[in-house]
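Q: Each chain, letter by letter, is given below.
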Amino acid sequence: MSATPTTTREAEAYLTAVRRHLGDLGEDERAELLEDLAQHLADISTDEENAESGLRALLGDPADYAAELRSAAGLPPGDGGGPESAHRPWTKSAAALWQHPRSLGMRRIGKELAPAWWVLRGLLAVGLVVAGSPERWRHIPIPQVYGSRLVGLFAIGVTVLVSVVVGRAGYRGWRRVTVVADVVVVLGTLVLLLEVLAMGYVGGPSGYRESVVYSEAPPRALESRHGEVTNIYPYDAQGRPLDGVLLFDQDGRPLRVGRQEWWPDRCDRAPSHPLAADGVPVEFAYPYRYLPVEHDQVASESDRHPTGRSGTTTCLEEIPRPPVPLPVFPPSAGDAPQPAP
Amino acid sequence: MVATSPALDTSQLLKGVLDIAVLAVVRDEDGYGYDVVRRLRACGLAEVGDASVYGTLRRLYKNGALTSYVVPSESGPHRKYYAINRTGRDLLAASTKTWREFAETIDTVLSTEKEAA
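Chains A and B are the protein sequences, given in the same order. Anchor point for the first sequence: position 3 equals 3 in the working numbering, and the numbering is continuous, going up by one each time. Anchor point for the second sequence: position 2 equals 2 in the working numbering, and the numbering is continuous, going up by one each time.
It should be emphasised that the hints constitute simulated quantities derived from the structure, not laboratory data. The structure presented is a predicted model; accordingly, all values stated were derived computationally and were not measured. Cβ coordinates follow ideal geometry from the N, Cα and C atoms, glycine included. Check the hints yourself; a few may be wrong.
Stated by the list, open to error - Just so you have them, the derived chain B footprint on chain A, three or more residues with Cβ under 8 Å:
#1 37–47
#2 54–65
Unchecked claim - To give an idea of the chain A side of the interface with chain B (calculated C-beta under 7 Å), a few residues:
#3 GLU68
#4 LEU69
#5 ALA72
Using the sequences provided together with the hints, build the complete structure.
A: If you want it as structure tokens, here you go:
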């Protein structure tokens with residue numbers, strides 16, 4: 001602590017006035033600044049050049065001095081002076097934190113990463129808009145807006161451009177809007193991610209199949225890599241077609257296939273299952289026999305399948321088996337007994 | 001010296017570069033507050049305000065670009081001297097480079113404008 005510098009009345013008054021305008025600062029900070037000022041006032045008074053001028057002429061109004069001092073020292077501007085305002089510790093430490101070199105460094109990094117965020121938020125904005133649609137998998141990687149990838153690409157271009165332009169210009173008035181937009185995009189993306197994770201994967205083994213679980217799950221039809229299976233044609237090792245074959249899976253459960261809805265001849269058909277002794281149709285006996293369906297004569301237009309024809313003489317009863325590439329086995333194998341039809 | 005009003009262009013410019021001016025002065029020789037003010041004015045920066053210099057010294061010190069020490073004196077008060085350190089030198093070098101590039105850019109803009117006019 002220095003020895004008390006020579007002070008004059010004027011200097012005292014000046015000091016007090018400046019102290020008033022620094023009232024909201026921390027004790028230590030204020031003390032340091034005032035100590036500097038006291039020293040400065042002493043130095044000024046000893047300088048011959050200043051002998052003629054008063055302190056106010058040399059240094060300006062105490063309020064102005066205090067304001068300029070704060071500004072140069074990186075301190076927040078005061079509230080215009082007045083009696084020492086009540087200390088608000090958290091604003092002061094917030095201000096101190098804000099000025100800390102570390103936080104300055106981090107803000108600098110944030111500024112450098114800003115352009116990447118602008119691009120990303122443009123992409124996410126479009127993504128979120130289409131994310132509401134049920135078939136989400138279609139929108140990876142390029143969202144289909146109104147069913148078109150091209151429109152989606154265009155939409156992305158527009159949003160990214162807008163996002164970058166706004167980001168670069170940093171319009172003062174838009175600041176609140178952009179902050180709100182950023183928050184919405186981030187939250188929306190988080191919600192979307194959580195949803196996707198909770199519901200399982202997007203896309204599946206047999207091409208793109210949505211695995212969204214409904215509250216009443218319809219039974220999963222048998223699928224091969226070519227699509228849904230709606231019939232099975234068994235043959236024995238000699239290439240003889242088999243009928244009434246009962247099939248079970250590895251867990252002993254009956255194997256069920258899907259139901260074919262459409263035929264090339266446009267007829268309506270339904271599978272007809274053999275009946276067991278108790279009268280229950282056996283749905284896992286293969287091959288399925290699809291028989292033409294009889295429609296009522298007075299059925300209205302809406303009851304009929306839109307493109308189907310009723311079971312008239314023009315619909316074939318027996319659908320021929322498709323040609324199959326049967327392998328030829330060596331004679332020793334496959335003398336299996338024929339199953340009873 | 002009264003700090004000039006913000007309406008004058010040079011005082012606005014000065015606010016931007018006062019940091020490097022102060023660092024450069026202190027780099028040449030350690031100094032205390034009024035000493036730095038006088039040296040800046042002697043260099044030709046007549047408008048620099050005392051408060052600005054003191055505030056800048058304080059801020060540079062807090063940001064670690066300057067160190068300070070007290071010199072005791074029998075005749076007068078103990079003075080607080082400021083000295084430049086490694087961080088300050090680096091900052092000064094980087095800022096000088098930025099300043100030079102900026103000045104060059106503005107010169108280019110001005111000369112282009114002259115041709116256009």
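Q: Would you list, in rising numerical order, the hints stated earlier that this structure does not obey?
A: Violated hints: none at all, because every hint is consistent with the structure.
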